[in-house]
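Those sequence lines, one after another, are chains W and U.
This note's numbering applies: residue 1 is where the first sequence begins, and numbers increase by one.
This note's numbering applies: residue 1 is where the second sequence begins, and numbers increase by one.
It should be emphasised that the hints constitute simulated quantities derived from the structure, not laboratory data.
We put the beta carbon where it would ideally sit given N, CA and C, even for glycine.
If you want the footprint, here are the derived chain W segments under chain U, 3+ residues with CB under 8 angstroms:
(1) 118 to 124
(2) 155 to 163
On the chain U side, residues computed to face chain W include the following (Cβ under 7 angstroms):
(3) Ser-19
(4) Glu-23
(5) Ala-50
(6) Ala-63
(7) Thr-67
(8) Ile-70
(9) Thr-76
(10) Leu-119
(11) Pro-124
(12) Leu-127
(13) Gly-131
Just so you have them, the derived chain U footprint on chain W, three or more residues with Cβ under 8 angstroms:
(14) 4 to 11
(15) 19 to 33
(16) 39 to 48
(17) 102 to 115
(18) 167 to 174
If you want the building blocks of each chain, they are given just below.
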Amino acid sequence: MGVLVLLSLVLITVSFRSSALDGVQGTAAGILKPFEVAADRISRPFRDAVSWGRGLVDAKSQNKQLKARIQTLQQQLSLDEGAVQQNVQLKAALNYRGLPSIKNFRRVNASVAVNPQSAIDQSVAITAGTNDGVRAGDVVIDPVTGGLVGTVDRAFPSVARVTLLTDSQSAATSIDLTSPTAVGIIQPGGGGSDALVLDLVSKSKVVREGDTIVTAGSLGKSTLQSIFPRGIPVGTVTSQSSNDVNPFKNIQVKPLVDFSSLQSVIVLVPSTR
Amino acid sequence: MNGLKAALVLFVAALFQLSVLTEYRQFRTASIVLVALLAIALLRGSVFGAVAGFGTGLLLDTATLGTLGITSLLLTVFGFWIGRYGETTARDRFHAPFLSVAVVTGLYAFGLVGLQFVLGQPAPAGLVARGLPLALLLNLVLTLPVYALIRRLFPPLELGDRVREVRLLG
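Excised from the complex, chain U in its bound form (with noise of 0.2 angstroms):
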C-alpha cells in the first residue's frame, strides 16, 4: 500500500515538474520530484528511497527523452542515503529534511555535472554553481509544504515497526 501511494505521489510530482514547473525559466533550477523522493526517503527508510529513487528516476529519464539511467542513479543513491540517514539520526528531528534537502540539491546538480561529463556531454560546472543559490532557495522553500503533506500520507513508523530496521542489541 505504501508503495502505490509513493509511486503515485511521485508520479504527480514528475508530471508537475515536467508539464508544470520547468515552463518559468526561474523555476527550472529547483526540483520537486528530489523534495518529494527525499521526505519519502527519510519517513519509509533507505530501501524505500532507492526504490522509489531508482522508478522517479526512470521516469524522469523516460519523459524526456535523455540518456536512461542517469537520473535513476543519482536518485537511487541519494534515497537511499537520505533514507538510512532517517533510519538512524533524523527521523524525528525538525530541521532533518531541510538539511537534507540541502545537501543533497548540491551533490544531485553536481553529480548530474560529473555524469555529464564522464559521457563526454556538454557539463558547464560554472552555470551550474551560479544556479545553486537559487535551486536551494527554491527546494528548501518547497519542502515545508511537501514534506507536511507526505508526512500526513506516510506517518512515522511506530517503534514496534522500526525494530526491523535496525538491530536492537544488549
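Only chain W is shown next, with the shape it has when bound in the complex (with noise of 0.2 angstroms):
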C-alpha cells in the first residue's frame, strides 16, 4: 500500500507542477472515449425517455406562453431587422473596424464526453482536442442557445477539459446590451448554484430586470485582449439592487445556458490558427 500512495504522490505533484504527463493522459483519455461514447450512446434512449415523459408535463402551460412569445418576438424581429440592415449600411459607409465578433471564429462541434463528476467540479471533458485546432484559453459556447459556456482549460490531441463559467475561478467582461455603458465582470454567484453575478458595474449605471447581458470583447480597462468575442450572450438580468456600503450594484444573472445537461458545445477557434 506504501507504494501506491508514493505513487500516487509522485504522480500529483508531475501532474500539477509540470506538462511531463500531459502526453501519456490525453492518449489513454483518447483510448476511454470511444468507451465514454459507447456508454452514452447505449443509455441516451433511457435519458431521452425520461425527458419525454418530464417535458410532457409542462407542455401545456409551456405552449400557452410560448405562442404569446411568438407574437412578441414576431413584432421585435421586424424591428430588428430594420436595424441590422441601417447598421450594416452605416459600417459599410465608415469603413468600421469593430471588435472581433464569433463571425472571426471557426467553430469546431463537440459533444460533452465527461459531465462534472461532483458538486465542487465545475469541468466537463469534450471530444475535440489539438488535433481539431482546439488550444487552452479557446472559447466554448452552447449550440442551442449560443449562450457562454466556459473556456478550454487544458487540451489533448483528441480530448480536451472545459472550465464552465460557474467555476470559481471563471469570468469574463461584460456589459449589459441595452445599456452598452454598463461594464462589469460576470462571476459565479457561488453557493452551488448557477446563478451569475455582474460585479463592478458603477451605481450610476441603469441596469433594468430582464436585460440581456453580453461578452464585452476588449471593453475592460486591462491593457490585454479579452480571450473573449464581443457579443457572446451570458445571460438575462434577474434581480438588481445597490445599498450605501458597496460602492458597485448588486446584479444577479440567470444564465442562458442550462449547465446541468450539456450534451454537446462549440469551440470558438480563431480563423487565423
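Using the supplied hints, reconstruct the complex from the two chains, each of which is provided in its own coordinate frame.
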C-alpha cells in the first residue's frame, strides 16, 4: 500500500507541477473516448424517455406561454431587421472596424464526453482537441442557445477539458446589451447554484431586470485583449439592487445555458490559427 | 482471475458513473465506483482493495482530464482500510458494507476537498457539507444492489484461503 500511496503522490506532484504527463494522459483519455461515447449512446434512449416524460408534464402551460412569446418576438424581429440593415450600411459607409466578433472564429463542434463528477467539479471533458485546432483559452459556447459555456482549460490531441462559467475561477468582462456603458465582470454567484453575478458595475449605470448580458470583448480596463469575442450572450438580469456600503450595483444574472444538461458544445477557434 | 473480474466490474462502474450517472445533477454526489470498490475490498482484502483503488482512481483521473493521482491516492487508502476491516472483523456482518460506504463517503468527500485545498485549488467545504446527506443517502441506496451483485461475482473466501491473511497463533 505504501508503494501505491507514494506513486500517487509522485503522480500528483508531476501532473500538477509540469506537463510531463500530459502526453500519456491525452493518449489514455483518447483510448477511453470510444468507451465513453458507447456508454453515452447506449444510455441515451433511456435518458430521452425520461426527458420526454418530464417535458410532457409542462407541455400545455409552456405551449400557451410560447405562443404569446412568439407574437411579441415577431414584432421585435421586424424592428430588429430594419436596424441590422441600417447598421450594415452605416458600417460600410464609415469603413468601421469593430472588435472581434463570433464571425471571426471557426466553429468546432464537440460532444460532452464526461460531465462534472461532483458538486465542486465545474468542468466537462469534450471530444475535440488539439488535432481539431483547439487550444487552452479557447472560448466555448452552447450550440442551442449560443450562450457562453466557459473556456478550454487543458487541450489534448483528441479531447479537451472545459472549465464552466460557474467555476469559481471563471470570469468574463460583460456589458448590458440595452445599456452598453454598464460594464462589469460576470462571475459565479457561489453557493453551488448556477446563478451568476455581474460585479463592478457602477451605481450610476442603469441596469434593468430582464436586460440581456453579453460578453464585452476588449472593453475592459485591462491592456490585454479579452479572450472572449464581443456579443456572446451570457444571461438575463433577474434582480439588481444597490446599498450605501457597496460602491457597485448588486446584479444577479440567470445564465442562458443550462449547465446541468450540456450534451454538446461549440469551441470558437480563431480563423487565423 | 479475480483481478480481471474486478478490473472489468470497476471499468464498467466508472463508465456508468462518467457518462450516465453524472448526467443528472442530483446524482453527481453519488459514486457507484466508490460503492463497488468498497464492496470488492470488503470481500477480497486490503492489498486487493488498495490495488483496485489505485487503478480505479487513475482511470477516473485520466477520463476527467484532472490532476493525476488525486483520486488514486484517496481510493488506495480507502480500499486498503476497508479491506483490512473486512479481513479482521466485518466479513460476515450484514451492516459492514453499509457502515463502510457511509463512513468512506464522508471521508472521501472531505479528503478531496482537503487535497484540493493543499494544491491551492477551489475547495468549498460548505458546498460539500451541504451535499453530503444526499450523497450518503444515494450511496447507501446503491450499496444494497451493488454489494449483492459483487458478492455473487466474488463469493466470500473459504477458511482455508483466509488463513494466509490473518496468521493464527497457538
